[in-house]
Amino acid sequence: MRRKGFRGDEGVSLWRRFVNHGVTLAAAGAVVLVLVPLFAVFGYLVYKGIGSVNWAFLTQTPKPVGEAGGGMANAIGGSVLILGIASLVGVPVGIGAGIYLAEYGRGRFGDFIRFTADVLNGVPSIVIGIVAYSLVVLTQKQFSALAGGVALAIMMIPTITRTTEEMLLLVPTNVREAAYGLGIARWRTTISITLRTATSGVITGVMLAFARVAGETAPLLFTAFGNQYWNWKINQPTAALPLQIFTYAISPFEEWHRQAWAGALILIILIVLAITAVRLAAGRGMVKGVS
Amino acid sequence: MADHALGAPRLPGPEPVVGGPSREAGGIRRGSLIPDSTSQWADWAFYGAMLACGVSVLVLVGLIVYELVTKGQLAWHAFGWKFFFTHDWDPVNDQFGALPFIYGTVVSSILALILAVPLAVGVAVFITEMSPRWLRGGLAFTTELLAAIPSVIFGLWAIFVLVPFLRQTVEPLLARYFGWTGLFEGPPYGIGMLAAGVILAIMIIPIISSITREVMTAVSQQQREGVLALGATRWEMIRMGVLRNARAGIVGAIILGLGRALGETMAVTMVIGNRPEIAKSLFAPGYTMASVIANEFSEATGNLYLSSLVEVGLALFLVTIVVNILAQLLVWTVTRGTRARSHA
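Protein sequences, first through last, are from chains A and B. Just so you know, we're using the numbering used here here: the first sequence kicks off at 1 and counts up by one. Just so you know, we're using the numbering used here here: the second sequence kicks off at 1 and counts up by one.
Looking at chain B on its own, in the form it has when it is part of the complex (with noise of 0.2 Å):
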């Protein structure tokens, strides 16, 4: 920018290292010992700069708001509250309800929730507290990797893996000895919503973990000591040490993962058989918010479609920001106070 109007050759940059023994500096040279005017408005104009990034982060979430609001007014004027509760999707006749996609968007969610979160939990649980420090460092990171999978592959796996081998193995036999719940009823497609809970699980477990890991290590080594020191074994030490003053940081991390199922988008509507229909069994196809703008956005055809579409995201867009404050809020209030910023 205004590199010479200070005046000063380049600065040899010291490189302090953190934490560690700081370089020296090569050298000191002349510079510019007061700051004159040039430099007051270099400030000026960095700071200046430095501040409209800033804010373009505000204004990028304004404006996802404002298109979101004024695209999706079509659907909002013609349907109303209705929208969200009536079951017919027909882009013939033009009438859009969006029941079904809300309704397979919340159970596969819950559904990846029951699976994800004894497995995440455990797998937190094992790392911080039971693991020899030699397989610490490793399992963490490889739990994570699972993290740096793209949706879209988990989804080509899912096709290719994961549902034939519900379709063979897992559903007929839930269908043998579980049929009677109505759960699991009908022809084991394979595709369907339990395989969408299944991959979901799978993707949200990194996150849960990671963060439950988080808070755990966040509590504070007095409460395992004195709580041994009591004549606890380890594993109560563990529940009432640990696990008990992490609760609300957990449940955060357990909503921040329900965050992540929600809005996920291609390993689902690869598998989820994509029908707009509401079925009790969880071996039918279903259809969720974030699959039917997925599919149809680039063919909707009609202002009313695409905007219903674009309400569908709004919902979308409304339930993750809630979702995600709260979890938020959760983390935080186990974790405040241990992350201590070292520059006020």
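With the rest of the complex left out, here is chain A (with noise of 0.2 Å):
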């Protein structure tokens, strides 16, 4: 709650009033500050990328160094097939483990899995890539789109869960003994009640924690490895989107460069959607708890 300034400050001393603008300034000064890295990202990604995103961009491999043209098709191709693994495999689980959380996960136990979902969400994403590595291209011997698919649905986990557990929580008990009063079994009366009336939620939680990994490029690097072709096999090389910016922004070739502000505009405008529309149905008072 905020009150207006002050009336009748004339007691207060000049110091003190001086310090207190001061500090208002100060503040807004940060915040002007914050913005402008902000702008300036969002702003070079539309003026570089803009130019360089076509239908060939879309549409295309990746050309040899030193041709022309081409494009990224190939990895958007990919993200979504390395997404699509990381969702199948990432949000069942994470439902699942929310709703045990909410239900069931009262005790002691329950909180040890809180407390380890959260300390999950914490581990750098390079560890997991480690991980996925070892469990995966070490047993399969070569990089491959599951690879990459397993290591995002690790990271997608803990934030699923700990939402799906904040909205399932959100559903009054009464609601449930109402069911309950009507003799539907508990399990029953958790899908088609509490979990029904969370829907909007937990889609939300299952659209950041998808955000979140659809940018993500550290646990991909030895995991999806890249490729510079199509592929839709889950046991071989895949290229993804963020992969792909990396080696291009990284690489001296100009025309690398250009493609990977076009990737990157790409990218971002997919993330910032899935954000807007977290956001709208936050708005909507469909989710709470969610900023």
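What the hints contain is simulated information worked out from the structure, not anything from laboratory work. Heads up, the beta-carbon is just placed ideally off N, CA and C, and yes, glycines get one too. The reader is advised that the hints may include incorrect statements.
[Stated by the list, open to error] So the derived list for chain B, only partly shown, Cβ under 8 Å to chain A, looks like this:
no.: 1; residue: L60
no.: 2; residue: V61
no.: 3; residue: V69
Now that you have both chains on their own, put them together as the hints suggest.
So, in structure tokens, the structure goes:
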């Protein structure tokens, strides 16, 4: 809650008033300073990227060094494949774990899982990459979309778990009791009543987790590895949009830099769309507790 | 699953809206009122499945620890503690010491904190206590949008915008006026520790400021009113009524930002210069723990090399875990009780 500035502050010393206004200015200055890089990043993405996004960019595979043209179609496709695998693995497990915590996880054991999920959330993505490498790449003896998907799934699970739990807890106990009172089995209540009521909130959590891993690069470096060609097989090295941006950005070629900006623009558009959808859903009062 | 087992028609699904008037259930249908043995069986099966999902979180963390420890064992046996205190990183002669990476990670993260903390706290204070109401939501959303930008895009931006700016404008100035400190010596490449610190700062501002906001909001309104009633100005109210009460939580937010900075990989890798050296000057290139894994892991030939990289990963894992747990506990001391669970 805010109150209006001081009326009748004659009694307040000049120095205190000066400090008061000074701090207000400083805080406003901080906001401006933080907004500068934000707008600079978005501005440059649009400015540098828009000229390079064209039909060829969206439909062709990369051309060899030195040749103009080509695109990132295979990387976009690869990202879809990897994110698809990640969602297929991560979403059900995350929601399941969230249901467990909300509906059964009241005791010590639930707290332990909750705590572990938070720990997992804080694990650096590059470390997750190492683990996915050991688990999948070493056993299959090659880099693959599957390994990348597993790495991203591991990163999605804690986010989805905690938001699902939070959303299910928002459903009033009365609703559950009403269902039990009608003689509906507990599992059926959870799925058809509780989860359904919280659906939009749960979807929000999933979208947030998705937006978070969509731009992840580090865990894909030595799992999906990258590929200059189309690949739809889950056991083959696969290109991904963030990986391609990285490779192109650190390359010495002008043409590739251009494409890196274009790829980055596409990536950020996808992520901002996801976030805005979440925001709209949240703004309509369907979800609470998500900022 | 056992949809037919219940013998009940599909439920109409009343969908009561949280906090709002609940919609009328569309007609009451007859269902099985008494749970029979099949539904009890289904209950157990459902419970088992959900439990398995919950336990999988534990299994994942267990797997992470197990894989890191076993794969890093070779390096541990070869070098022991010396691994963390020597600075030779020489794959050709199988000599590995992680000190330059630890140094790079620590210095870049601390630099990021020094730059980010005043700004992030300032933003949080402005949004929660000073901003006009109509601006508040928009500002909160916009600053948090910064968190949605992927690391690799920050890196791309840093390479082509931030680094040239540092090289041409900021670093010459720093060298001229603060060169005597020894921190700003040598040729201003642009790329180096300073660039890494700046880009990290930009990346951790949103997390620090959003958690600081959360903590400040948790401070009770009466505290503010009490201090104001004593004749405090707005800033005095914020300082004595809000910041002092939220202290532990704000420290938690900062430590959480530190945890983020320690593990950040791509943007740092793209601008830090990737040279395993320890230099006093912030203009000099460096290397971080996360960066060395990102750059060398897929090319590591030889078991000892790979194992050394995994051990760097293990160290990074342990440090971030400790840092994150500490931060969570601190944040929790302030926000505890404000987010009452609605369902016991």
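Taking the hints in turn, this is what the structure says about them:
1. A distance limit of 8 Å between C-beta atoms decides the matter here; for B:L60 the minimum to chain A is near 6 Å, and the interface restraint holds.
2. A hinted interface residue such as B:V61 counts as satisfied when its beta carbon comes closer than 8 Å to some beta carbon of chain A; here the least separation is about 5 Å, so the hint holds.
3. With a cut of 8 Å, the hint placing B:V69 at the interface with chain A is violated, because the nearest CB-to-CB distance is about 11 Å.
In summary, the structure is inconsistent with hint 3 from the numbered list given earlier, while agreeing with all the others.
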